[in-house]
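Just so you know, the sequences run in chain order A and B. Every letter in the first sequence is one number past the one before it in the numbering used here, and letter 192, counting from 1, is 192. Every letter in the second sequence is one number past the one before it in the numbering used here, and letter 251, counting from 1, is 251.
Since the hints were made in silico from the structure, they are not lab data. One or more hints might be untrue.
What the hints assert, rightly or not - Here are some of the chain A residues that sit facing chain B, going by a computed Cβ distance under 7 Å:
no., residue
1, R88
2, R104
3, Q144
4, V146
5, V185
6, G188
7, A309
As the structure is a computational prediction, the values presented were derived from the model and not from experiment. Even for Gly, the Cβ is constructed at its ideal location relative to N, Cα and C.
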Amino acid sequence: MSKVLVILETAGGQIRPHCLPGITCAAEIARATGKPLHLLVLGAQPDAAAQAIAAAGYGAAAVHTLAGPTLEPFTAEAWSDAIIHAARTLGASVIGGTASSTLRDALPRAAAVLDAPLVSEVVKVKSGDTFVRPISAGRALQDQKVNAGTFFFTARGTEFEHAQPTGAVPVQAVAAAAANTRGAVVQGVQKTESSRPQLTEAKVIVSGGRGMREGANFKLLEQLTDLLGGALGASRAATDAGMVPADLQVGQTGKIVAPELYFAVAISGAIQHLAGMKGSKTIVAINKDAEAPIFQVADYGLVAKWEEAVPRLVELIKARKGA
Amino acid sequence: MKILVCVKRIPDPDESLKFAGGGLDYSASKWVPNAFDEYAIETALRLAEVVGGTQRLAEVIVLGIGPESQRQQLTQFLAMGADRGIIVDADPDKLDTATVSKLIAAVFKKEAADLLIAGKLSQDNEGGQVPQRVAGLLDVPQASFAATVEWDQAAKALTVGREVDDGVEVKRVPLPAVVSVDLRIVLPKSVKNGSTPATHAYQEGPRLASLKGITMAKRKPVAVLKPSDLGVAVGTNEQVVGVAAPPARKAGQKVKTVEELFEKLTKEAKVI
Ligand SMILES: Cc1cc2nc3c(=O)[nH]c(=O)nc-3n(C[C@H](O)[C@H](O)[C@H](O)COP(=O)(O)OP(=O)(O)OC[C@H]3O[C@@H](n4cnc5c(N)ncnc54)[C@H](O)[C@@H]3O)c2cc1C
Ligand SMILES: Nc1ncnc2c1ncn2[C@@H]1O[C@H](COP(=O)(O)O)[C@@H](O)[C@H]1O
Numbered sequence: 001m002s003k004v005l006v007i008l009e010t011a012g013g014q015i016r017p018h019c020l021p022g023i024t025c026a027a028e029i030a031r032a033t034g035k036p037l038h039l040l041v042l043g044a045q046p047d048a049a050a051q052a053i054a055a056a057g058y059g060a061a062a063v064h065t066l067a068g069p070t071l072e073p074f075t076a077e078a079w080s081d082a083i084i085h086a087a088r089t090l091g092a093s094v095i096g097g098t099a100s101s102t103l104r105d106a107l108p109r110a111a112a113v114l115d116a117p118l119v120s121e122v123v124k125v126k127s128g129d130t131f132v133r134p135i136s137a138g139r140a141l142q143d144q145k146v147n148a149g150t151f152f153f154t155a156r157g158t159e160f161e162h163a164q165p166t167g168a169v170p171v172q173a174v175a176a177a178a179a180n181t182r183g184a185v186v187q188g189v190q191k192t193e194s195s196r197p198q199l200t201e202a203k204v205i206v207s208g209g210r211g212m213r214e215g216a217n218f219k220l221l222e223q224l225t226d227l228l229g230g231a232l233g234a235s236r237a238a239t240d241a242g243m244v245p246a247d248l249q250v251g252q253t254g255k256i257v258a259p260e261l262y263f264a265v266a267i268s269g270a271i272q273h274l275a276g277m278k279g280s281k282t283i284v285a286i287n288k289d290a291e292a293p294i295f296q297v298a299d300y301g302l303v304a305k306w307e308e309a310v311p312r313l314v315e316l317i318k319a320r321k322g323a
Numbered sequence: 001m002k003i004l005v006c007v008k009r010i011p012d013p014d015e016s017l018k019f020a021g022g023g024l025d026y027s028a029s030k031w032v033p034n035a036f037d038e039y040a041i042e043t044a045l046r047l048a049e050v051v052g053g054t055q056r057l058a059e060v061i062v063l064g065i066g067p068e069s070q071r072q073q074l075t076q077f078l079a080m081g082a083d084r085g086i087i088v089d090a091d092p093d094k095l096d097t098a099t100v101s102k103l104i105a106a107v108f109k110k111e112a113a114d115l116l117i118a119g120k121l122s123q124d125n126e127g128g129q130v131p132q133r134v135a136g137l138l139d140v141p142q143a144s145f146a147a148t149v150e151w152d153q154a155a156k157a158l159t160v161g162r163e164v165d166d167g168v169e170v171k172r173v174p175l176p177a178v179v180s181v182d183l184r185i186v187l188p189k190s191v192k193n194g195s196t197p198a199t200h201a202y203q204e205g206p207r208l209a210s211l212k213g214i215t216m217a218k219r220k221p222v223a224v225l226k227p228s229d230l231g232v233a234v235g236t237n238e239q240v241v242g243v244a245a246p247p248a249r250k251a252g253q254k255v256k257t258v259e260e261l262f263e264k265l266t267k268e269a270k271v272i
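Pulled out of the complex, with its shape left as it was, chain A reads as follows (with noise of 0.2 Å):
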């Protein structure tokens, strides 16, 4: 029988948090098409983080392996290759996972070779064949329909619960097979290293914008951060400007984020700012112009300058934790 295959990135051992939502996703898929749902770990040595999946299960019937020296780091090439092998081995008619970086880069490719659609950031699962997806910087929501046999998905994050432990369920291998670069070669990542929860996990985020004029006046909002156990985010007028680093960007190209309190400081609330964080819980918005749109999301709107508001929130919030 036919598979629902969803494709999990791994980290020392263990699932990356990120991917979890994407098992949900697959596993409404699985419901609605009656198929069964299954799960994939790539990499040169991927048995170790398979057995920590496997453990938990997540309501999947298997973890697949799959294992090659190509594998790592990864690249869209050889992944793209054991992707397509796995799921023709296994017989996988579904396939996807999170839209993170990583499967936005491999899972198109494999799609074009199998000559099936790729539904990409699916929010909402309507059938086993039609899904709904936010168009347009989040303007629009599409249902698309595929007609295809087989097909591609990505989820995304923000929009599926993570996946819950159910049982061990058990581990089998795919044979190797050719996973090749294409001759490219990865030569490094110069990763952001950060104390602070990952944006797509945190529950406070504190996001900065031009108007914070230079990546120095970001400390304070580091700090309003830190007393909330947060993440920091930014504009892209505040990446471009080197105030902060690019992957801290949020919005329709950045990172698409919905934590329970979202702080925009000094964020004028563009279109493509609000695709990436209209799906937060609390918005509070901080701004010197009475006019600046991101108040006409923001559950609590400030007309203030940062650099009034913002130290006597920090104050406020410090004495109530001391107390």
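Please arrange chain B with the ligands on chain A, whose structure you already have, making use of the hints.
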């Protein structure tokens, strides 16, 4: 070296959307090039030109898949400095993403191009998949979400800084290859071609067409092809069956002071 650049025309993203009959009504829309494709052409031009010299290192061809009326957006890119254009004339409503990708791959092969530069995302339908698909169809390496590109002419390779979720990955790809570009590719020092002095700082953002460029663009050749000329069958394995406005956020409130904000966050929203 031959660089093929994709241009897709999209309804102006600054216009508000008109919902009608379970779809979007674009009949009165102003059409503009997709912003990421403007970044793609800027990248190609920076690779092709030698600042301070007259020599050209590459031919830059712009390619649009869609109605012939998109010539206007193509001409905009010719005015910026591309050498010639190709339109594959087809009704966009009858083209799925798989077919668009096949058509681009077919033109790449027909032209024996060395490099495809495309945007990382269409701002309208936000597929985020055409360049990766084309790379798969051509079986060549890909560098998606490029924020920097350095061309090693002698080695016929590109070193690309890719914006990934947890930082910047540096990937070296031999040509022929496919690159999709992200926002920061148009910062002043993001593109280096090995001939323009490495210290050269470009303007930020895509260049504006000069008056001379606009005049010259009218004389540059634009070939119009049909999908059948490329041996690609137009199919559709996906279909839009409805469009709706997202639920609106409930109206918020303005607070007058930081103290009031703090009060609301602790007592009303209970998030601190
Ligand atoms: C294709 C494309 C994709 C894009 N993707 C993204 C994206 O993913 N994310 C994103 O953020 N943007 C994105 N943008 C850019 C977006 O359109 C805006 O340009 C950007 O979000 C503006 O950033 P900003 O709000 O920080 O700056 P501005 O719009 O310049 O706003 C600065 C704000 O700071 C306020 N301010 C100034 N000084 C103070 C002060 N002392 N105290 C308080 N307030 C102050 C001002 O009133 C103003 O409202 C994209 C654009 C394009 C074309
Ligand atoms: N119809 C088209 N014609 C030319 N290029 C296209 C077309 N559709 C998509 N592209 C290219 O592919 C990129 C990504 O598009 P998408 O996968 O639709 O998000 C765009 O930025 C364009 O460079």
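Here's how the hints hold up against the structure:
1. R88: violated (15 Å)
2. R104: holds (6 Å)
3. Q144: holds (6 Å)
4. V146: At 5 Å from the nearest chain B Cβ, A:V146 passes the 7 Å test, so the hint holds.
5. V185: It holds, given that the least Cβ distance between A:V185 and chain B is near 5 Å, below 7 Å.
6. G188: OK, holds: A:G188 within 7 Å of chain B, min 5 Å.
7. A309: Holds, because the Cβ-Cβ distance from A:A309 to chain B comes to roughly 5 Å (cut-off 7 Å).
The structure does not agree with numbered hint 1 stated previously, though it agrees with all others.
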